[in-house]
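Protein chains: 4
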Amino acid sequence: MLDWEKLLEDDVFEIAGRRFRSRLIIGSGKFKSFQETKEVLEASGAEMITVAVRRVNITDPTKENLLDYIDPKKYLILPNTAGCYTAEEAIKTAMLAREATGINWVKLEVIGDQKTLLPDMEETLKAAKFLVKEGFVVLPYIFDDPVYAKKFEDVGCAAVMPLAAPIGSGLGLQNPYNLMFIKEAVSVPVIVDAGIGSAADIPPVMELGVDGILTNTALAEAKDPIRMAVAMKYAVIAGRLSYLAGRMPKRTYAVPSSPLKGVPYKS
Amino acid sequence: MLDWEKLLEDDVFEIAGRRFRSRLIIGSGKFKSFQETKEVLEASGAEMITVAVRRVNITDPTKENLLDYIDPKKYLILPNTAGCYTAEEAIKTAMLAREATGINWVKLEVIGDQKTLLPDMEETLKAAKFLVKEGFVVLPYIFDDPVYAKKFEDVGCAAVMPLAAPIGSGLGLQNPYNLMFIKEAVSVPVIVDAGIGSAADIPPVMELGVDGILTNTALAEAKDPIRMAVAMKYAVIAGRLSYLAGRMPKRTYAVPSSPLKGVPYKS
Amino acid sequence: MLDWEKLLEDDVFEIAGRRFRSRLIIGSGKFKSFQETKEVLEASGAEMITVAVRRVNITDPTKENLLDYIDPKKYLILPNTAGCYTAEEAIKTAMLAREATGINWVKLEVIGDQKTLLPDMEETLKAAKFLVKEGFVVLPYIFDDPVYAKKFEDVGCAAVMPLAAPIGSGLGLQNPYNLMFIKEAVSVPVIVDAGIGSAADIPPVMELGVDGILTNTALAEAKDPIRMAVAMKYAVIAGRLSYLAGRMPKRTYAVPSSPLKGVPYKS
Amino acid sequence: MLDWEKLLEDDVFEIAGRRFRSRLIIGSGKFKSFQETKEVLEASGAEMITVAVRRVNITDPTKENLLDYIDPKKYLILPNTAGCYTAEEAIKTAMLAREATGINWVKLEVIGDQKTLLPDMEETLKAAKFLVKEGFVVLPYIFDDPVYAKKFEDVGCAAVMPLAAPIGSGLGLQNPYNLMFIKEAVSVPVIVDAGIGSAADIPPVMELGVDGILTNTALAEAKDPIRMAVAMKYAVIAGRLSYLAGRMPKRTYAVPSSPLKGVPYKS
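Protein chains in written order, with our numbering: chain A, -5 to 261; chain B, -5 to 261; chain C, -5 to 261; chain D, -5 to 261.
Chain A on its own, in the form it takes in the complex (with noise of 0.2 Å):
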């Protein structure tokens, strides 16, 4: 066994029950080929790729589909309502993709605004309260909004999936503080799910206790994606490590005083 996986063999992560032993998860939008989507999911070490039911083919068997890329057995295909704007379109997404491939999870999205593809909060709670219903396994594509993060769990969501930053954008974490309410105010996984840049985006989330991180477009839109895939594998081990290592408290002079600046954390 490998040094960190020594130091993580008793760091569990698990939604709905399902144990994972890496905490990164893969979106598979963006990339050149199905062949290339494979090989960073390879590389990247993730045991989840979530997959755009309206944009990359896994419910018709004839055409070239990414199941016949991804084998299910080593790998949780995480269906995901992207591109639906209300809560109807998205509960309709989530049911055909559950058809089509009989997975019961979905990564659900509810897009309010085209420009920013922010979330619609009050659209994405109704079909989430819905499709709990129906039996599904419901991680919601949320703003980092702590009270809305409650509601979430409260309905019975196995995960809530804040952003960082826009999806797409590759800003990096803008708002630590908002994580960390999360964190806070739910028991249930909290993965952040848009805005990483590059892999030094990773660790400073991981730091606050973050569960997990999703991500997609730092990959495929990387100049050499099987190195950035690679680069984010370690930085959620180090991010975590760090976290449960527990880290120095800052100071403003070489003799302890007050921190002044920089990501949240706890004494």
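Calculated from the structure, these hints are not laboratory results.
Do not take every clue at face value.
Each pair may be met inside one copy or between any two copies, as identical chains are not told apart.
[Stated by the list, open to error] Pairs of lysine-lysine residues, derived as DSBU-like cross-links and limited to a Cα-Cα distance of at most 35 Å, are as follows:
1) Lys86 - Lys127
2) Lys144 - Lys24
3) Lys86 - Lys123
4) Lys144 - Lys217
Source: prediction; values computed, not measured.
Based on these hints, arrange chains B, C and D on the given structure of chain A.
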């Protein structure tokens, strides 16, 4: 060979003709015991450890000696002049260390202010000139001043070691522009030498193309120094791979537009 | 007319048809006395003061009453529903305030979490709909969620009041992108309503084109509230003028190149 | 007397025995004409204007001369040595300016790098020593290095002028800690001299207790330089008043707790 080893196989890190596989350097101060120092060093994967000649015994074989714990065939012991406030003191300390240990490398520190432990560039440059002439491999701890960094290269230093933030502060990188300017100004390796507070502080520095990282307090004062050492080992690897992979551009909106915020990068 | 008055003469700040010369709004909590509240209000140049109906007496004329200190001909008294945790409570509080004072404006607050005092967008929207129908001029305190901001405009709110950071935190603007997105999403005035810690926090918000600023704790807890009130008066003016003046582009080098870091701006 | 004038009446800003009411200093480069320079100067309320001897004519009365526009009884003309790359060049330039104008003040600039225009501290100190002995009132443009700042005070400089960011970058304050350390290290006035991009960049600097601000590009390149000049006039006033007022502590939660992020302050 592991995934990251394969991807970094040709990525040479060399100082004064000596090659290192690890880009992490460990400081030996503030640990509970020489035994803990040794364990952290091993866990970190570092191949170089710096020792404050005035604080840690490496010159008197009749007392408990760090060299009894660290195998000089496996690790480069890098004596440093911490605690010196003039060029003269630093020169004397470096000479003493070389005489006692036979090591002709020195991490040169000349402190200019007791409260902040910020370096005195004028005195440090004076000492560097002298020690280079005396045949030392000189790695000076410097302020993040790009113009001065070039002067140290010009007098023959083997690397430059700018701070990210004050020694022992744990504040993380304060000014990414200065590190970027230093990387452009010099050809010798650039190693960031102070201010790292946790693993998350490392990849943003490495993504600037910085060659290596030295850290001490962040390890010694972590609640679990071993776990932090492994976290930092992978943070350095993740940051280096991410730098080599080439990150995506930053955008304000889902559709490509201008970057607004964050660490510097070149498109 | 003073220099800034001349330059801002045509720069109208209007809510629900009422014009204001000052873009600063003062909260009335936490001051030592009604007398101090009055002096700070006068020093700040604000023309609007918000009052927590549940905490500051404006409804019972038999007790010491803020309205005895503030001239309603000179200042708009803006009752708020601070301390309410449901739409129902907020509606009741707003109705009570209108009945007692004849004021049909309300700053609507429905808190979703006791620890962070973050707002509950779902309950706030419910109350907003109701109160707009009842003829109120509704200014809701909201999370910095651009999609929800639009919903509040759509139900007829006269302005939206997103937070810069949690109430009473003094942390300053956390996410400039969200404010920028809100300004693009809505046509009604955008007034930043929480998180200001000092005068320096104001111009970065105003330069985003935000229409006004509300602050309370930063005044009440300043060592010298009068001096801080005057500081904030001019910080708002400076920020507004700077926004209208149009800033230079950011550059990495002395020769024009790309912006890397800082508050968002459009070239 | 206006409100801010009254509150700042006893707040003396003095350099080398000369008192100034305004803490803003204007650079004279890059404007469209001497007429615009003059109008911006008047609008800004500044009482001091710096002039690059090598670029703006103040020494040859036979050509169009800035001194024909600026009344030396109302404004202190501060010649500067911009464009000099050695101590020797800077000394010559300062001597030439004094001879032609009779002004014995000099803003000393010795640039160390053409691309970043960062100063060369070694050469600048050499020139400062010489010019102080020659009877000049020397205000050196320096890197934000607290140890070097003290050296300039020690050789007799009348003030120190550290950068906030590179000249002409408009990036705003990059490292608040260094300015805080400089204020603690020296007794002479500290004037921030480069990197201001808009009015919003000024109050965060002033709240650190910095004594004054010099800006040029941010005025000359604003779309409306007059409006920006008035914005900056009030940004300086707001920042100074806020510093004197004493800000509230930062908190993570509505209930008092620790500050996490932002500009340094002392509790």
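The hints, checked one at a time:
no.: 1; hint: Lys86 - Lys127; result: both (14 Å within a copy, 34 Å between copies)
no.: 2; hint: Lys144 - Lys24; result: both (32 Å within a copy, 30 Å between copies)
no.: 3; hint: Lys86 - Lys123; result: both (14 Å within a copy, 29 Å between copies)
no.: 4; hint: Lys144 - Lys217; result: between (38 Å within a copy, 31 Å between copies)
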